[in-house]
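Heads up: the protein sequence lines correspond to chains A and B, in order.
The first sequence maps to residues 1 to 693 in my numbering.
The second sequence maps to residues 1 to 693 in my numbering.
Hints listed in this document are in silico derivations from the structure and should not be mistaken for laboratory results.
One or more of the hints may lead you astray.
Stated by the list, open to error - Chain B is faced by these chain A residues, among others (derived, beta-carbon under 10 Å):
#1 Ala265
#2 His301
#3 Leu302
#4 Asp355
#5 Ala394
#6 Asn490
#7 Gly517
#8 Tyr621
#9 Ser688
#10 Leu689
We put the CB at the ideal spot given by N, CA and C, even for glycine.
Listed below are the residues making up each chain.
There are 2 protein chains.
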Amino acid sequence: MELSSLESNFWAVAPGVIGAVGLLFSAFFYFRVKALPEGDATMNRIAGYIREGAMAFLVREYKVLAVYCAVIAVIIGLTLGGLASGSFVLGAFLSLLAGYIGMKAATYANVRTAQAARTGSKPNALLVALDGGAVMGLAVAGLGLVGMGGVYYAFQGHSQLAPILHSFAVGASSIALFARVGGGIYTKAADVGSDIAGKVIENIPEDDPRNPGVIADNVGDNVGDVAGMGADIYESMVAALVAAMAIALTANATELSRLVVDPAATTASAKVAGVVLPLVLSAVGLVVSLLSIFIARAFKHLNPAQVLRSALILPPVILVGLSFVMMQVFGLSQNITVALAAGAFGGAIIGLVTDYYTSSTPVQRIAEASITGAGTNLIRGLAVGMESVGISMATIALVAYIADRALGLYGIAMAAVGMLGGTAVVMTVDAYGPISDNAGGISEMSGLGPEVRAITDELDAVGNTTAAIGKGFAIGSATLTVIALFSAFNLEVNHTRIAAGLPEMSLLLTNPNVIVGMLLGSILPFLVGASTMLAVGRAAGAIVEEIGRQFREIPGLMELKADPDPKKIVDIATKSALREMIFPGLIAIVAPPLVGWVLGPSALAGLLAGALMVGATMALYMANAGGAWDNAKKYIEKGKLPGHAKGSQVHKAAVVGDMVGDPFKDTSGPGVAILIKVMSVVSLLVASLIALR
Amino acid sequence: MELSSLESNFWAVAPGVIGAVGLLFSAFFYFRVKALPEGDATMNRIAGYIREGAMAFLVREYKVLAVYCAVIAVIIGLTLGGLASGSFVLGAFLSLLAGYIGMKAATYANVRTAQAARTGSKPNALLVALDGGAVMGLAVAGLGLVGMGGVYYAFQGHSQLAPILHSFAVGASSIALFARVGGGIYTKAADVGSDIAGKVIENIPEDDPRNPGVIADNVGDNVGDVAGMGADIYESMVAALVAAMAIALTANATELSRLVVDPAATTASAKVAGVVLPLVLSAVGLVVSLLSIFIARAFKHLNPAQVLRSALILPPVILVGLSFVMMQVFGLSQNITVALAAGAFGGAIIGLVTDYYTSSTPVQRIAEASITGAGTNLIRGLAVGMESVGISMATIALVAYIADRALGLYGIAMAAVGMLGGTAVVMTVDAYGPISDNAGGISEMSGLGPEVRAITDELDAVGNTTAAIGKGFAIGSATLTVIALFSAFNLEVNHTRIAAGLPEMSLLLTNPNVIVGMLLGSILPFLVGASTMLAVGRAAGAIVEEIGRQFREIPGLMELKADPDPKKIVDIATKSALREMIFPGLIAIVAPPLVGWVLGPSALAGLLAGALMVGATMALYMANAGGAWDNAKKYIEKGKLPGHAKGSQVHKAAVVGDMVGDPFKDTSGPGVAILIKVMSVVSLLVASLIALR
């Protein structure tokens, strides 16, 4: 085969077809999980509450988002045309669909995992949770490929291909933002609220059936860590693809010639190769991920931690190998493989660093610091979070450096594609976490006894670590994607300016417009961080009040003679989350066009750069500090700090750290990470509109 | 008068002379304070401990810094010549001298303030504390002007003027860094350590004479908030002056022509005006500040809060008026006044914003959040800190925008000079804080009774707010100064490159070297934040242990029959602080030349930009969150939260927040703020050495 064969219809259609195959496997796992036994009546009642609450949230959230989508679709339609508008709606719709499928599966898998644990089989319980997660993982990657591949196939020769692709990404991104922030506020408000009302004020254990907030807490795991995370990772994949494709679309002959080995290759062929490769490599990533999932399933009898870690490490390695072969076959430069490998292995390093900071010595030190109280626990935890930024960001810098040396800015985009090669597996393992967490909650509330709880607890503990690794991947790939999107934005602006006979915009660091933009950009992550923290605080406060009211006013509740009213809590959490997600969401979507319109494209470029530096570091800091606090608390609960068991003063100090860490790691940190991505795709979309300001 | 008169010796010599006059007033206040009555034997014994501990720390710190200075002086001597080396030593020496004088005065003023309060006169107590602070304030501004003015006078025609000025700034900066970080670790380790051992573990009140850590806590106020803060503000002033002078020195004819009204004015005259004006305006600022101090003294009978706030607001207003007159007289552009005014009023706005976040509604909300425990107190406090970044940074962006529109990058530097116009007053009011805090501690330990304590408490509470305002000023001016220094760095690099026949370095935001530099730069504030937080945690831990040992092992201590051994605690704090200040200090000094040498000047420019965005926002976040937590605790202690008095569970939750806020606001926040300044001046110094990489 040679380069020009990439121009054939086969390669344009293959990614979408492979995506569809992924969706078939997703359906297979869905029905497989649903057919499993679902336990006794109590378990089913509780699982029903959770499913109902989760679906109710999703439906109400989707109504709000439908209004948002309608407004934006009209604006895009008026400024960029109907095709772009339709593409935006498609990008948004597929994101919502992925969230819906994944959450439905997760709320079937949770109770079936508990049931498998009830029969005493850890491997079977692991398998159910993993299969439940795979529905989401394959749906996310499959819909991403079907959507992007389909749009590319339909419009590959169209003059409006660029705005159509950008609009698709904006659809995916803005849904991801709202889903992540809304879900994040929901899950942590319910978590913190139930903990304060139950553990802190009433001194009853976690997941106690008397606590009406426990159902909402379990609903939150689904809407935040499944639906929210799914939309986030779907968006990452789409954004990385769009960044690489957009750079290839605007690249000139010299830049394109770096992609090919044969100096006689035509620029047109090289351009098609540059545009189609990200899709093709992502499709290969999906195949590899699918393999990985089946390998993990085959080794279900091994230690769960090892099984899941291997599932995460395997895909990048295989992907890089296959990329090497493909570049040889097509006569493309192996520098593409170098850039891809830098991203893939960089992601693994960031994962390992995150793993270290959230489960190793630093966690032990935080636990020990709890001996002198909550103050020292917090000081230590904040310091751990700050320190963790170092190696992760240095790794990202190194990846960017290598990828740039290999292939310039296109290389940086390919590094992001490489880091996200294992999207399906990463998302599978991520969704596995809340499923086993839910399984534990259902076991506790149904009174299934300590042996069952021991199995679900072990599965859950592994999920915590893999969740931290997943967050590291997400933030690392976000940073690379944003750098690539940033370059695509600049190319787009200058393209428009040159076409209008204007000079290129000045992107010099000494340009005061750039500096003012950077100063303004550095504010935004803090505003999103503040508003999401406050949102969780406010919503949790309302939940604490309502739980307290139920404890006081429902006769016989504390004596286990009456049932609590969990629906009331679910309702409060839903309303709060939907109300509170608006402001941070609007910041991300309104700031770029506003700054671009008022201060011009140079200031907007500065805004993106400032937001990226502050946002990427803040997201790592918050995610890792939160993960470390959580595991420090668990460290004490496992009795690893001699003389300070669960329930001791020292444990209570660690609970305070965990409480602060909850919104840090699951609301504000992810919210800030997604902020910078949304800002970048929105900027790319409006680039041509503000280019002449 | 006309422009060329600025070239006369009179204007070159005036700043130094006015600086010397400032020093005479500093001496006047010093001897005035020392001559006041110093109270009874117990008060004197305690004050003696504090003075002894503070001086012992300073002497040991200075020994360490002498070694550092010797090493750097040799390196500078070998690379940039003997004059630069000498200038570095002078800059460092004057910083140390300012710290020494100020701290000596503060440790005399504290006990005399307590004595004045003991006689029942609040106005007299206010006066003593204010006079004690004025010694430091006038010494800092006076030595700054004498030093910079003297160096400029001596070398005004010298070809090596630029490196000589830069070296002076590096001397001032690096001492400031170590003094601020070392002092910050000392004061917060002693504060947190005594609080945990006393308030948390033993449940005895603050400043209780049985607690051996109380002396160290009071020593810490002096070494951190007097000597450390003094070195910091001295450095700010020097750096702002150097930035403006350096830009004027490298400016071309077109840029210089913007400074003058008369189009016939020679470039040489305009250049001299540009170089000498920052010094002259700072000298005017010192005169205005001196006036302000005397006006404040005259109104001592009014409410202390009003007196101090007016003292801070007055100088910028008068300075701007005088600048207007001067520009008219010399035929200089009123755009200089515009830039100066933007900085001066911008500083006031940042001060008011800081005041709001650390003493108004947000504080009340943090106090209320304590009702549901330490977790919600912390979530709220972190959110307040994040939110506070918004308006402050937006103000800085606006100031930069106006100053740039008025006069380009020179305008930004002049805005920094304008913001620091009231240095002497700001430092006076800043040093007033720890003096009245110390007076309270001495009153408590000497058993002077509640009436005396009520007076010192009121003075102290005002000091807290003014300290927050001072921090806002410091961070705001630091950001502007760094932007100006950054420009000076770029001019210097390109100057060298063009002289060597190379093209200018690429400072495009899309240059991968710049991006990699920015990613690396964004890490550094987090590393300094982490290492200083950990340092405080570690040192506080050692202090808690030693206090616990004394409580257990000194017979009769808890029954007030035996005295504790405060010197042991002072010794631990001293050793820890000196050991722990090394790593963060070295980051700031080593990172710029290292990155510049390995990755080149573009990457170094990126490093500075990344560190600036993250550092400025992190510093504001940490300083304001810390101030808000502190005052939320005080809010509860004053009984403003009905039903939750001092000692209640709610108060204990607020104490946790305050404990976390302590290193945030007094160690890590200021450490990060000074990091970005030191990195900038070091970069400026090495610019010519790495320009060709």
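Q: Could you check the structure against the hints above and give me the numbers of any it violates, in ascending order?
A: Violated hints (numbers, rising): 1, 2, 3, 4, 9 and 10; every other hint is consistent with the structure.
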